[in-house]
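Using the sequences provided together with the hints, build the complete structure.
Number of protein chains: 2
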Amino acid sequence: MNFISNFDDLTGMLAQTHGRKRVAVASPADSHTFYVVERALSEGIADFVLVCVEECKPDFADLATRFPGRVDIETLPTVDDAARRAVAIVREGGADVLMKGSMNTDNLLHAVLNKEHGILEPGRVLSHVTVTQIPAYGKLLVFSDAAVVPRPTLDQFDAILDYAVSVSRKLGVARPGVALINFTEKVNEKFPHTIYYEELKRRAAEGRYGDIEIGGPIDVKTALDAESGKIKNINSPVVGNADVLIFPNIESGNVFYKTLTLFAGAETAGMLCGTTVPVVVASRADSCESKFYSLAIACVD
Amino acid sequence: MNFISNFDDLTGMLAQTHGRKRVAVASPADSHTFYVVERALSEGIADFVLVCVEECKPDFADLATRFPGRVDIETLPTVDDAARRAVAIVREGGADVLMKGSMNTDNLLHAVLNKEHGILEPGRVLSHVTVTQIPAYGKLLVFSDAAVVPRPTLDQFDAILDYAVSVSRKLGVARPGVALINFTEKVNEKFPHTIYYEELKRRAAEGRYGDIEIGGPIDVKTALDAESGKIKNINSPVVGNADVLIFPNIESGNVFYKTLTLFAGAETAGMLCGTTVPVVVASRADSCESKFYSLAIACVD
Numbered sequence: 001m002n003f004i005s006n007f008d009d010l011t012g013m014l015a016q017t018h019g020r021k022r023v024a025v026a027s028p029a030d031s032h033t034f035y036v037v038e039r040a041l042s043e044g045i046a047d048f049v050l051v052c053v054e055e056c057k058p059d060f061a062d063l064a065t066r067f068p069g070r071v072d073i074e075t076l077p078t079v080d081d082a083a084r085r086a087v088a089i090v091r092e093g094g095a096d097v098l099m100k101g102s103m104n105t106d107n108l109l110h111a112v113l114n115k116e117h118g119i120l121e122p123g124r125v126l127s128h129v130t131v132t133q134i135p136a137y138g139k140l141l142v143f144s145d146a147a148v149v150p151r152p153t154l155d156q157f158d159a160i161l162d163y164a165v166s167v168s169r170k171l172g173v174a175r176p177g178v179a180l181i182n183f184t185e186k187v188n189e190k191f192p193h194t195i196y197y198e199e200l201k202r203r204a205a206e207g208r209y210g211d212i213e214i215g216g217p218i219d220v221k222t223a224l225d226a227e228s229g230k231i232k233n234i235n236s237p238v239v240g241n242a243d244v245l246i247f248p249n250i251e252s253g254n255v256f257y258k259t260l261t262l263f264a265g266a267e268t269a270g271m272l273c274g275t276t277v278p279v280v281v282a283s284r285a286d287s288c289e290s291k292f293y294s295l296a297i298a299c300v301d
Numbered sequence: 001m002n003f004i005s006n007f008d009d010l011t012g013m014l015a016q017t018h019g020r021k022r023v024a025v026a027s028p029a030d031s032h033t034f035y036v037v038e039r040a041l042s043e044g045i046a047d048f049v050l051v052c053v054e055e056c057k058p059d060f061a062d063l064a065t066r067f068p069g070r071v072d073i074e075t076l077p078t079v080d081d082a083a084r085r086a087v088a089i090v091r092e093g094g095a096d097v098l099m100k101g102s103m104n105t106d107n108l109l110h111a112v113l114n115k116e117h118g119i120l121e122p123g124r125v126l127s128h129v130t131v132t133q134i135p136a137y138g139k140l141l142v143f144s145d146a147a148v149v150p151r152p153t154l155d156q157f158d159a160i161l162d163y164a165v166s167v168s169r170k171l172g173v174a175r176p177g178v179a180l181i182n183f184t185e186k187v188n189e190k191f192p193h194t195i196y197y198e199e200l201k202r203r204a205a206e207g208r209y210g211d212i213e214i215g216g217p218i219d220v221k222t223a224l225d226a227e228s229g230k231i232k233n234i235n236s237p238v239v240g241n242a243d244v245l246i247f248p249n250i251e252s253g254n255v256f257y258k259t260l261t262l263f264a265g266a267e268t269a270g271m272l273c274g275t276t277v278p279v280v281v282a283s284r285a286d287s288c289e290s291k292f293y294s295l296a297i298a299c300v301d
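Chains as they are written, first to last, in my numbering: chain A, 1 to 301; chain B, 1 to 301.
A few of these clues could be false.
Identical chains blur together in the list; that is why a pair holds if it fits in one copy or across any two.
[Stated by the list, open to error] Heads up, simulated EDC-like pairs for lysine to aspartate or glutamate below, C-alpha to C-alpha not over 20 Å straight-line:
hint, residue 1, residue 2
1, Lys232, Glu289
2, Lys170, Asp158
3, Lys186, Asp106
4, Lys139, Asp8
5, Lys57, Asp80
6, Lys232, Asp30
7, Lys186, Asp62
8, Lys201, Asp162
9, Lys170, Glu199
10, Lys230, Glu289
11, Lys230, Glu213
Note that these hints are calculated values from the structure, not bench results. Given the structure is predicted, the values throughout are model-derived calculations rather than measurements.
Dropping the structure here:
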């Protein structure tokens with residue numbers, strides 16, 4: 001597989017793929033969702049089943065005419081019905097990706113996490129993975145968790161690392177470099193994540209995550225800037241060249257996400273992992289482009 | 001006092017101040033420290049007492065000749081001696097600012113925190129304050145704590161907020177807008193900092209921190225970008241316009257610091273607060289400019 005260094009490469013690659021992914025959208029009604037669905041249809045990167053509430057809005061209904069055979073529409077009375085139905089379509093094999101339309105994330109998650117009818121298998125960790133394109137960094141960067149797991153336990157870190165590495169591989173990185181983020185390089189039992197990091201590195205050495213490089217505890221700057229590593233005399237394979245960042249807690253992951261999008265001109269894409277199919281739950285404040293790239297990431301094999 | 005919107009304004013203002021500050025430097029020996037001392041002398045923003053180890057290096061010794069009456073030099077056998085002596089000079093009233101030269105921060109802190117001979121009064125909280133100039137943000141931004149207090153208690157948050165607001169006021173902000181940072185706007189007892197934030201707002205309403213605006217829990221993007229606040233429909237006086245950010249833990253503060261300097265073209269200045277005088281302890285990986293601005297911030301009245 002080719003190495004994908006930016007989002008344009010990604011969508012270009014998806015457009016050339018035979019066998020487009022099918023996306024179930026729960027309650028499409030807003031302009032951002034319309035933008036994403038129409039663009040994905042136009043660029044040929046996905047097909048859709050739109051689970052609308054009450055009556056499907058005309059602009060969405062028109063898509064079925066404009067893209068024959070690529071858009072199915074169902075209509076249900078409430079957003080909760082739509083959420084349950086979209087999840088059921090995934091369970092029945094009718095869609096490869098689930099996408100939130102116009103509803104609160106909690107409504108969709110309620111259906112996703114339902115023990116009987118949901119799409120998170122027992123014992124699996126639900127986590128959020130972000131992919132970002134930072135103009136000052138030469139390749140796509142994967143990081144986690146900025147949105148779901150507040151204080152990862154060892155088991156949760158294990159899953160978070162596994163999901164993030166898997167996304168990096170799908171982007172064509174043969175041997176992802178994983179940086180375990182902290183504010184210093186010190187392992188200190190006062191900071192339990194640094195103890196977990198030691199165990200993650202031990203597991204990585206045993207081959208648990210496949211062919212990866214791993215380093216840390218390390219700070220963000222050292223992980224992404226070779227010069228900082230030199231000054232600090234840190235000898236780690238991921239210094240200045242990380243493909244994946246694992247954050248110690250949700251506050252630090254969230255600050256990274258928000259600071260990048262606000263001040264570094266970064267584009268971001270995100271999705272939930274751990275479920276039987278990727279779930280796109282972009283937030284209100286995300287740009288149209290960010291939502292489109294999120295769908296694209298979820299559609300990569 | 002004038003509003004200072006960038007570091008050039010700051011150093012320009014200091015140059016015009018009557019009665020320059022006097023800075024005690026513990027173990028000046030490296031090129032970065034030389035840059036800072038020489039530039040501060042040249043621009044007329046500070047005078048120095050250099051506490052050298054073994055023999056003062058020729059380029060530092062030359063400064064005494066080039067800037068007559070503005071540089072004193074003492075020489076001691078070890079870096080620990082130099083640290084203790086620089087602290088003693090401050091205690092004796094011989095300097096208004098303490099600055100680390102070529103030694104580990106721990107060595108200097110050992111002398112600073114000494115119960116008998118140090119400069120942290122009993123019961124005072126030691127904390128780190130950063131001032132940053134972000135090209136995409138129209139004014140200097142103060143934040144804390146990115147370097148010293150790992151998980152602030154209520155008392156520590158109280159002091160951190162007080163110090164940061166005080167720095168913002170020294171930069172000419174009459175009514176600092178303080179944003180209490182979190183990853184969402186929700187108060188949740190699972191995240192103790194959000195409970196502390198409620199108490200900080202209560203204290204602020206009672207006037208404990210003087211004339212300030214305060215809002216939160218709030219995420220970084222909403223605090224610094226008005227558009228994000230509109231989309232999220234958050235009505236807080238600090239939305240999109242914060243002067244001060246208070247971070248929930250050291251990992252998130254550190255990620256903000258590192259991401260800004262790495263990807264947002266930001267300049268930063270930092271110092272320790274809580275001690276009887278400001279202490280400049282820039283780290284190895286900081287740029288010369290960053291170290292110079294740190295000294296400048298420490299010299300503001």
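Item checked: Enumerated hints in conflict with the structure, sorted upward -> 7 and 9
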